[in-house]
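*Asks:* One line per chain: the protein sequences are A and C, in this order.
Whatever position you read off the first sequence (first residue = 1), add 1110 for the numbering used here.
Whatever position you read off the second sequence (first residue = 1), add 1110 for the numbering used here.
Derived from the structure by calculation, the hints contain no laboratory data.
Hints should not be assumed to be uniformly reliable.
[Unchecked claim] Derived lysine-lysine pairs resembling DSSO-like cross-links, with alpha carbons at most 27 Å apart: (1) C:Lys-1208 / A:Lys-1123; (2) C:Lys-1416 / A:Lys-1373; (3) C:Lys-1256 / C:Lys-1441; (4) C:Lys-1273 / C:Lys-1302; (5) C:Lys-1135 / C:Lys-1123; (6) A:Lys-1256 / A:Lys-1273; (7) C:Lys-1170 / A:Lys-1480; (8) A:Lys-1170 / C:Lys-1416; (9) A:Lys-1122 / C:Lys-1208; (10) C:Lys-1115 / A:Lys-1208; (11) A:Lys-1115 / C:Lys-1245; (12) C:Lys-1456 / A:Lys-1115; (13) C:Lys-1373 / C:Lys-1416; (14) C:Lys-1373 / C:Lys-1431.
[As the list claims (entries may be wrong)] Derived coverage of chain C by chain A (criterion: at least 3 residues anywhere in the stretch with Cβ under 8 Å from a Cβ of chain A; other residues may be distant): (15) 1111–1120; (16) 1168–1178; (17) 1221–1230; (18) 1373–1387; (19) 1484–1496.
Where is the CB? At the ideal position from N, CA and C, for every residue including glycine.
2 protein chains.
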Amino acid sequence: MVSAKMYELGTKKSTIRTIFEFGRKRAAEVGEENIFDFSLGNPNVPTPDFVRDAAIEILKTYEPAQVHGYTVAPGNPNVRDTLAKSINARFGTNFAVKNIFITSGAAAAITICFKALAEPGDEFITFAPYFPEYKVFVESVGAELKVVKPRPEDWQIDFDDFKRLLSPKTKAVIINSPNNPSGAVYSAETIKQLTDILKDYGQEIFLICDEPYRELAYGVDVPWVTDYYENTLVCYSYSKSFSLPGERIGYIVVPDEVADFNKIFGAIAGAARVLTHVNAPSLWQLVVAKCAGKAVDITPYERNGKILYDGLIAAGFECVKPQGAFYLFPKALEADDYAFCERAKKYDLLLVPGADFGAPGYFRAAYCIKTETIERSLPLFKKLATEYLS
Amino acid sequence: MVSAKMYELGTKKSTIRTIFEFGRKRAAEVGEENIFDFSLGNPNVPTPDFVRDAAIEILKTYEPAQVHGYTVAPGNPNVRDTLAKSINARFGTNFAVKNIFITSGAAAAITICFKALAEPGDEFITFAPYFPEYKVFVESVGAELKVVKPRPEDWQIDFDDFKRLLSPKTKAVIINSPNNPSGAVYSAETIKQLTDILKDYGQEIFLICDEPYRELAYGVDVPWVTDYYENTLVCYSYSKSFSLPGERIGYIVVPDEVADFNKIFGAIAGAARVLTHVNAPSLWQLVVAKCAGKAVDITPYERNGKILYDGLIAAGFECVKPQGAFYLFPKALEADDYAFCERAKKYDLLLVPGADFGAPGYFRAAYCIKTETIERSLPLFKKLATEYLS
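Start from the sequences and build out the full structure, keeping to the hints where you can.
*Replies:* Written out as structure tokens, the structure reads:
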């Protein structure tokens, strides 16, 4: 009666969801304060006041039709102009209205790009560890996701494995830096090497940069990838930077230099049309334009990351230093990361197995939670480690 | 390099778009006040103050994370509870949280339903005249749209043609009442007869009710279809009732009585997942709950419809009386509705050919524009008619 595939996609519980529900159940039993839930990537720094103030001002002073009317599908041209100029001011680029397509967040942005590009038989390549929805989204547009094996020493790129996976079927490469789940930021050298390989490959390949965590980088630069490679599509979201994940607002940058700009922008519009995009929420288009370029305070995440990292290292864990996003991705203390995360539950430490992200043997700890909860969790991590290491 | 199909969908200009752009060009030449643009279904009654006030109050008084955080994919449970109760109070139904899936407007709601249901080889049936995106959305999920021929005397249903199109391949029937573009409201008799045919057909067929215009009915009842047929999915949007088309907020009602509720709700969740729905915009979820059941003033549309209808009849046009939505669908004064609409342009009357909606020989005039513009257009319609009728 219904699409078997959609039923499966809608009902197969993700590991993260299962862990989250376990946490809710345990919280009811032992109290919220005794649950150490590192499972969700939900920003806990409140939305900045300037965002709220901008929304209220727009609601109070603009004509309702200006705020709530349909916009053209790529978004309000004035907003796109402001966003383009803001990007230009920051990265020395030269984008204009026509280079910006406003979307309902980054999930929409990347899926629209996948759908715009994919033809039957196409392959997309990404790098473990990776956001598991990539596989769902890529397969939903009829293409196949190929995954480059992880490079655990620094979570940069294993270029030998990448070259092995490149093929005439490769339509696009997806990178996500700062990375969920590893917290790594791809260095300028990594981007240079990656894009050099793409240039040398002798075939048009798109580079899709999924950048919802761009603003969340701690003392390292996040290279602006259109500087390195012409055929780049940048997908951005305000979910994390402005703590607006529920409002669904982001954009795609389509540079003039991509192979056949008009074809690609047209295909993005067509993909958006059949992916239920009519326009990105119109109030939030105006709000993000009003707030373009305003700095956000990432010190709470940076502090959390440092406390958790130092605590884990002190407890005997191995972990790459946090560089961005709000995740640590330490090595599990046994080869089976599922078994390890199960054992952590004994202490009500809720962690996500790395296998879910294509990197077995590791685990993800999201530190976008209360600092005090992190501090109180450290003795428990210590106890957990002692089970293995003593 | 890109998906040829997506490029085509994103670049082939719709007739409405072409007319709209012509209007913008003419407005620059002869002045905005001399253009009589009946081409767009964009609500012109301002968003009610209670909607704006609710949004401001939420922004000012709620915790940001409560307002802007992710919700579960079907939407905030408290909001769904409120919406279910509001529907129950109005229609004597018995819906609960689990029967509501909040979407980014009606376009998302219907496309999610199509995708949730469609399997290869499936057919969906709708009734001319119909919203042309149905064809795009149905084909985008791999199914075929079959169109029942129009019944111009009252724009109700041609049941003989409907029975002819029903087949073992029929997965669902799509109705849109009040109707875009005809302005008709399906009577209780029409709904009864339609659902009796479906019940007698001896195979599970879904009835998808696309109801963005439900509140816009003038002195006639809009039957609540779940009272007539168990296998009904109701798709609603606040775009027209609250004049919020840019904000993208609506819902799907999935009654307990649909064939295999869990399968369908699960498939809807799966379809939403791959159609870029993460959750419907979270602020607007809260706003529509706060405003649930509040009456909207539809008298401006009703007045406009009456003035335009009376004027067209006086000029010699044939037209079914306006019952709902904000469209008239009169008979063109020559068999070729494209030629007729071209000739109307001479007077800067911008009308949409009926063939675009599967009903050649008619035209759509959207009366969600200034009353004064409609009044000033009447002598021009008279002149246009005189060309044909004198």
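*Asks:* Any of the earlier hints contradicted here, and which numbers?
*Replies:* The structure conflicts with hints 2, 8, 12, 13, 14 and 19, although it agrees with all the remaining ones.
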